[in-house]
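Visitor: Sequence:
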Amino acid sequence: MPLSKTIIEAIGYLGSFLVVISMLMTSVNRLRIVNTVGSLIFTVYAFIIGSYPTAFMNMCIIGINLYQLYHLAIKDKNFKLLRVNAEDGTVQYLLELYEKDIKKFFPSAAIEASKDCDCVFMVTCDTACAGLLLGNETEEGEIRIIIDYATPAYRDTSVGKYLYARLPEHGIKRLIFSSRSQGHEDYMKKMGFVKTDKGFVKEL
Numbered sequence: 380m381p382l383s384k385t386i387i388e389a390i391g392y393l394g395s396f397l398v399v400i401s402m403l404m405t406s407v408n409r410l411r412i413v414n415t416v417g418s419l420i421f422t423v424y425a426f427i428i429g430s431y432p433t434a435f436m437n438m439c440i441i442g443i444n445l446y447q448l449y450h451l452a453i454k455d456k457n458f459k460l461l462r463v464n465a466e467d468g469t470v471q472y473l474l475e476l477y478e479k480d481i482k483k484f485f486p487s488a489a490i491e492a493s494k495d496c497d498c499v500f501m502v503t504c505d506t507a508c509a510g511l512l513l514g515n516e517t518e519e520g521e522i523r524i525i526i527d528y529a530t531p532a533y534r535d536t537s538v539g540k541y542l543y544a545r546l547p548e549h550g551i552k553r554l555i556f557s558s559r560s561q562g563h564e565d566y567m568k569k570m571g572f573v574k575t576d577k578g579f580v581k582e583l
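Under my numbering, the first residue of the sequence shown carries the number 380, and numbering increases by one thereafter.
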């Protein structure tokens, strides 16, 4: 049974909508995944209406996206871990720059109070800041996390995996997060934190 005009148009609009939405995403991985889905749907639409140049263009976009996603997956990101001072100008600038986004995950974290943190790590990727970890060392090798933040472009767990793998080199053996933050709790469960009476704990 042939598709109705309404259904065909709905397919086209859905594909277009996903492509446009993908352009608003700051995470490169998510952008390419959503863009690929949108382009795939729009390719189907183009074949249905007989617009083969449009179908060909979207197939090329899908190919480019898949190629880039493959290389993002296998490429070792050029991460580096730096132990810095909480009052460092770069740290304070980044906290102010991303303050609104940080508040989404750590609503109780005061940017001004972060200057009192005695344990601060910055993850860089080439020349960009990819993540920040701020906390206080409650006992030797144990950090109580105040902020554990990945910048939007690197929000694919790669920063966290790198950070947690390298912290033991700096004498850190355990991480504890006890603040209430549903969005970040989901991330911590994914990263291997275990809920205890102390909060979410990860042994390194």
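Warning: the hint list may mix true and false statements.
[What the hints assert, rightly or not] What follows is a set of in silico ranges between Cβ atoms, one per label pair, in the way DEER data are often shown: (1) N464 - K574: 28 to 36 Å; (2) T503 - Y431: 40 to 48 Å; (3) P486 - I427: 43 to 51 Å; (4) T575 - K479: 52 to 60 Å; (5) T385 - T503: 49 to 57 Å; (6) K574 - L403: 28 to 36 Å; (7) P432 - K494: 22 to 30 Å; (8) R462 - T385: 57 to 65 Å.
[Stated by the list, open to error] Listed below are the simulated DSSO-like cross-link pairs for lysine-lysine, each with C-alpha atoms no more than 27 Å apart in a straight line: (9) K574 - K482; (10) K482 - K384; (11) K479 - K384; (12) K494 - K384; (13) K552 - K479; (14) K552 - K577; (15) K483 - K574; (16) K569 - K581; (17) K459 - K482; (18) K568 - K552; (19) K568 - K482; (20) K577 - K540; (21) K568 - K483; (22) K577 - K482; (23) K552 - K494; (24) K581 - K552; (25) K574 - K552; (26) K384 - K483; (27) K483 - K459; (28) K581 - K459; (29) K569 - K540; (30) K384 - K459; (31) K540 - K384.
Derived from the structure by calculation, the hints contain no laboratory data. All values reported here derive from a predicted model rather than from experimental measurement. All residues carry an ideal CB built from backbone N, CA and C; glycine is no exception.
Visitor: Which earlier hints can't be squared with this structure?
Guide: 4, 7, 10, 11, 12, 13, 26, 30 and 31
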